[in-house]
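K.L.:
In case you want the letters, here they are:
There are 6 protein chains.
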Amino acid sequence: MIYITRRERFNAAHRLYRTDWSLEENERVFGKCSNPNWHGHNYELYVTIKGEVNPETGFVMDLKVLKDTILHEVIDKLDHRNVNMDVDFMKGKMASTEVLAMEIFKQLQPHIQRHHAQLHSIRLHETENNYVEYLGE
Amino acid sequence: MIYITRRERFNAAHRLYRTDWSLEENERVFGKCSNPNWHGHNYELYVTIKGEVNPETGFVMDLKVLKDTILHEVIDKLDHRNVNMDVDFMKGKMASTEVLAMEIFKQLQPHIQRHHAQLHSIRLHETENNYVEYLGE
Amino acid sequence: MIYITRRERFNAAHRLYRTDWSLEENERVFGKCSNPNWHGHNYELYVTIKGEVNPETGFVMDLKVLKDTILHEVIDKLDHRNVNMDVDFMKGKMASTEVLAMEIFKQLQPHIQRHHAQLHSIRLHETENNYVEYLGE
Amino acid sequence: MIYITRRERFNAAHRLYRTDWSLEENERVFGKCSNPNWHGHNYELYVTIKGEVNPETGFVMDLKVLKDTILHEVIDKLDHRNVNMDVDFMKGKMASTEVLAMEIFKQLQPHIQRHHAQLHSIRLHETENNYVEYLGE
Amino acid sequence: MIYITRRERFNAAHRLYRTDWSLEENERVFGKCSNPNWHGHNYELYVTIKGEVNPETGFVMDLKVLKDTILHEVIDKLDHRNVNMDVDFMKGKMASTEVLAMEIFKQLQPHIQRHHAQLHSIRLHETENNYVEYLGE
Amino acid sequence: MIYITRRERFNAAHRLYRTDWSLEENERVFGKCSNPNWHGHNYELYVTIKGEVNPETGFVMDLKVLKDTILHEVIDKLDHRNVNMDVDFMKGKMASTEVLAMEIFKQLQPHIQRHHAQLHSIRLHETENNYVEYLGE
Chain V
331 MIYITRRERF NAAHRLYRTD WSLEENERVF GKCSNPNWHG HNYELYVTIK GEVNPETGFV
391 MDLKVLKDTI LHEVIDKLDH RNVNMDVDFM KGKMASTEVL AMEIFKQLQP HIQRHHAQLH
451 SIRLHETENN YVEYLGE
Chain R
331 MIYITRRERF NAAHRLYRTD WSLEENERVF GKCSNPNWHG HNYELYVTIK GEVNPETGFV
391 MDLKVLKDTI LHEVIDKLDH RNVNMDVDFM KGKMASTEVL AMEIFKQLQP HIQRHHAQLH
451 SIRLHETENN YVEYLGE
Chain H
331 MIYITRRERF NAAHRLYRTD WSLEENERVF GKCSNPNWHG HNYELYVTIK GEVNPETGFV
391 MDLKVLKDTI LHEVIDKLDH RNVNMDVDFM KGKMASTEVL AMEIFKQLQP HIQRHHAQLH
451 SIRLHETENN YVEYLGE
Chain X
331 MIYITRRERF NAAHRLYRTD WSLEENERVF GKCSNPNWHG HNYELYVTIK GEVNPETGFV
391 MDLKVLKDTI LHEVIDKLDH RNVNMDVDFM KGKMASTEVL AMEIFKQLQP HIQRHHAQLH
451 SIRLHETENN YVEYLGE
Chain Y
331 MIYITRRERF NAAHRLYRTD WSLEENERVF GKCSNPNWHG HNYELYVTIK GEVNPETGFV
391 MDLKVLKDTI LHEVIDKLDH RNVNMDVDFM KGKMASTEVL AMEIFKQLQP HIQRHHAQLH
451 SIRLHETENN YVEYLGE
Chain P
331 MIYITRRERF NAAHRLYRTD WSLEENERVF GKCSNPNWHG HNYELYVTIK GEVNPETGFV
391 MDLKVLKDTI LHEVIDKLDH RNVNMDVDFM KGKMASTEVL AMEIFKQLQP HIQRHHAQLH
451 SIRLHETENN YVEYLGE
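Chains as they are written, first to last, in my numbering: chain V, 331 to 467; chain R, 331 to 467; chain H, 331 to 467; chain X, 331 to 467; chain Y, 331 to 467; chain P, 331 to 467.
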């Protein structure tokens with residue numbers, strides 16, 4: 331069993347708020363992250379898969395296929411977008427890094443399995459000082 | 331003469347577009363950077379000042395004063411904000427990294443001079459792959 | 331279950347030595363790390379907590395609370411200090427990165443639990459080439 | 331139990347190909363990584379060991395000994411070399427990052443055990459976007 | 331006048347040697363960099379252009395055009411290649427970082443001028459500890 | 331003319347204070363940087379030299395010679411030391427990053443000239459957020 335990690339990046343706007351709360355309540359809980367006119371981040375996404383090494387190629391999974399899968403299923407939907415407004419799999423959900431990491435896991439898992447590997451974890455960096463990691467359970 | 335550089339960071343949303351152009355024209359020129367629902371970045375700002383070393387303190391300028399000046403004049407106005415909508419000194423201007431760097435230079439210059447140092451340059455990183463530098467002329 | 335990591339930094343002096351050993355013995359075992367006039371580091375501290383995501387906020391724990399806890403319980407006591415001489419929770423202990431990481435874990439654990447999350451690990455970087463990680467057992 | 335990680339680097343040439351495949355077949359599977367005239371990388375190697383802290387020294391293992399072991403057993407054999415042609419422990423094996431990480435693990439394990447610590451993992455970065463991790467089983 | 335910098339990367343093999351010198355003479359002057367079976371690097375290339383900001387777009391030069399120019403004229407020729415053997419503009423030249431930076435400057439200069447900007451400098455990083463910069467004269 | 335930069339690192343303790351000032355006056359001007367029991371940093375030193383490329387070797391100056399010069403003249407005197415107490419060329423001087431950079435320049439300049447190159451600048455990073463640069467005049 332060996333673990334392979336691929337990093338991809340996306341630049342997106344987001345905002346933390348609940349539509350069922352007042353502006354004041356949102357600001358009390360989410361502070362400047364609830365700014366009504368949005369703010370944004372250069373997100374860094376680390377996707378880790380695991381599996382056995384194929385003795386013929388020395389690969390667990392072709393890295394080009396892994397990269398294209400991440401771009402097609404995740405990055406193309408998030409990059410230069412608004413996480414709250416533009417992303418189908420985030421509709422109606424809190425745009426926190428925690429929830430975003432969990433939803434990215436769900437997006438990628440079936441596509442990794444199709445290539446005979448397992449999705450091990452999603453690590454998502456919001457800034458150089460904060461990141462979250464989700465292992466699927 | 332010695333050069334001192336201080337790095338600060340801010341996370342902001344922005345969009346490249348002209349109100350006097352159609353959506354199509356904006357997209358043709360600015361591509362995904364003109365997404366109507368905004369995107370965002372973790373901007374890194376490097377402020378370089380220059381001056382003579384004060385023989386009494388070994389300083390060109392007290393770094394704490396430099397930091398507080400950058401926070402008060404620039405970061406507090408940009409962090410967790412929308413560059414196009416929320417920032418007084420960017421009103422009516424293109425929110426490109428080039429223009430933002432030039433305007434930050436104008437914001438800081440008088441405050442640095444007040445402390446007997448000179449503002450040498452503003453370097454502004456939009457992503458790990460792109461940055462601009464402005465020397466004031 | 332999701333993992334959240336917060337990075338904080340502190341700049342401190344330290345020295346590796348035993349008072350019950352001679353200078354020669356200290357130098358034989360600890361080499362230049364036992365220099366009697368101290369040396370120092372820019373330490374990077376990564377605090378990882380884990381817990382369930384609160385469905386109301388999308389958070390495991392408010393990051394601002396996590397940050398303030400780390401600053402109050404750890405950084406304020408270590409930053410711009412001497413690890414051997416100035417830090418209450420390191421008195422009488424070896425100032426190695428290993429021991430420092432374990433003691434920081436003990437400092438933080440009760441404060442994280444108070445906020446309904448668990449402290450998962452402390453990772454402490456002494457240089458860009460060396461770090462230790464402690465998971466509490 | 332505490333984990334200590336040491337980073338070392340090596341610059342090497344390599345190529346992904348099978349001698350029992352045609353040039354076309356190699357290029358179809360390995361793409362530009364099979365270029366017959368080689369390409370190369372600045373590899374970053376993270377070696378993580380684990381063990382109990384020695385109460386006398388505050389160490390799991392003397393970091394200088396760990397560093398010298400990695401240099402002698404791994405870096406001296408790989409740095410400024412051709413992974414496919416010059417490295418005894420890679421002869422006849424695929425020069426993929428996966429296989430290289432596994433073979434480095436095998437090289438180091440007996441030498442770490444001799445110092446009363448355990449080799450926990452080998453993490454090997456090929457580029458800033460790709461790395462593999464191997465835990466020995 | 332404002333300066334824009336774009337980073338691109340390429341992974342290549344190379345070797346320092348002179349065909350008119352013996353193996354011993356090459357090794358005496360170039361050390362391990364002359365290993366006959368090659369070694370390699372993850373090169374980082376920083377291309378800095380300068381010019382006036384176009385008031386209509388806020389740009390000196392469209393960054394997408396700059397990126398495509400660097401990819402087409404430089405990266406496609408160097409990435410996953412052997413600098414000594416595979417690169418037309420390096421034929422018969424020493425594959426040192428110095429010479430490579432100067433030749434990349436010559437490759438890019440006419441293409442930047444065509445877009446009404448000036449090539450200011452080429453900075454080329456061979457490792458995290460070594461880089462060269464060339465300003466064209 | 332081409333510029334070559336070499337990075338080296340050193341870990342040192344220091345303190346900002348004047349012996350002719352009271353403890354209170356030192357603390358008022360230098361804040362926590364004047365802590366009597368010292369603090370410390372992982373300093374990063376960038377040495378930039380310039381010169382013509384030697385057509386025989388493709389080098390301005392042999393990087394191994396540059397590295398050894400920096401280690402012998404600067405790093406060996408500063409690494410794992412106390413800047414105020416242990417370093418001959420800093421005796422009686424303020425241990426600020428500004429003064430340290432200027433003194434390192436003076437240490438290195440004659441040794442670079444001996445190798446037919448010129449010392450262009452010293453850049454010294456105290457933390458990831460602060461650095462100074464000195465060009466010798």
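Simulated from the structure, these hints should not be mistaken for laboratory data.
Don't take every hint at face value.
Any copy, or any two copies together, can satisfy a pair, since identical chains are not distinguished.
Here are the simulated lysine to any residue pairs, SDA-like style, with alpha carbons at most 20 Å apart [claimed, not checked]: (1) K394 with L465; (2) K362 with Q443; (3) K380 with V417; (4) K436 with N384; (5) K436 with G388; (6) K397 with N460; (7) K421 with E458; (8) K436 with M331; (9) K397 with R358; (10) K362 with I405; (11) K423 with E386; (12) K407 with G361; (13) K394 with F419; (14) K380 with L465; (15) K380 with R348; (16) K407 with W351.
K.L.:
If a hint holds in the structure, say so; if it does not, say that too.
P.N.:
Hint by hint, here is what the structure shows:
no.	hint	verdict
1	K394 with L465	neither (23 Å within a copy, 24 Å between copies)
2	K362 with Q443	neither (39 Å within a copy, 26 Å between copies)
3	K380 with V417	neither (27 Å within a copy, 27 Å between copies)
4	K436 with N384	between (26 Å within a copy, 19 Å between copies)
5	K436 with G388	between (28 Å within a copy, 16 Å between copies)
6	K397 with N460	between (24 Å within a copy, 10 Å between copies)
7	K421 with E458	neither (27 Å within a copy, 29 Å between copies)
8	K436 with M331	between (22 Å within a copy, 14 Å between copies)
9	K397 with R358	between (40 Å within a copy, 17 Å between copies)
10	K362 with I405	between (26 Å within a copy, 13 Å between copies)
11	K423 with E386	between (43 Å within a copy, 10 Å between copies)
12	K407 with G361	between (27 Å within a copy, 15 Å between copies)
13	K394 with F419	neither (24 Å within a copy, 27 Å between copies)
14	K380 with L465	both (12 Å within a copy, 12 Å between copies)
15	K380 with R348	neither (37 Å within a copy, 24 Å between copies)
16	K407 with W351	neither (28 Å within a copy, 26 Å between copies)
In this structure, the earlier hints numbered 1, 2, 3, 7, 13, 15, 16 are contradicted, and the remaining ones agree with it.
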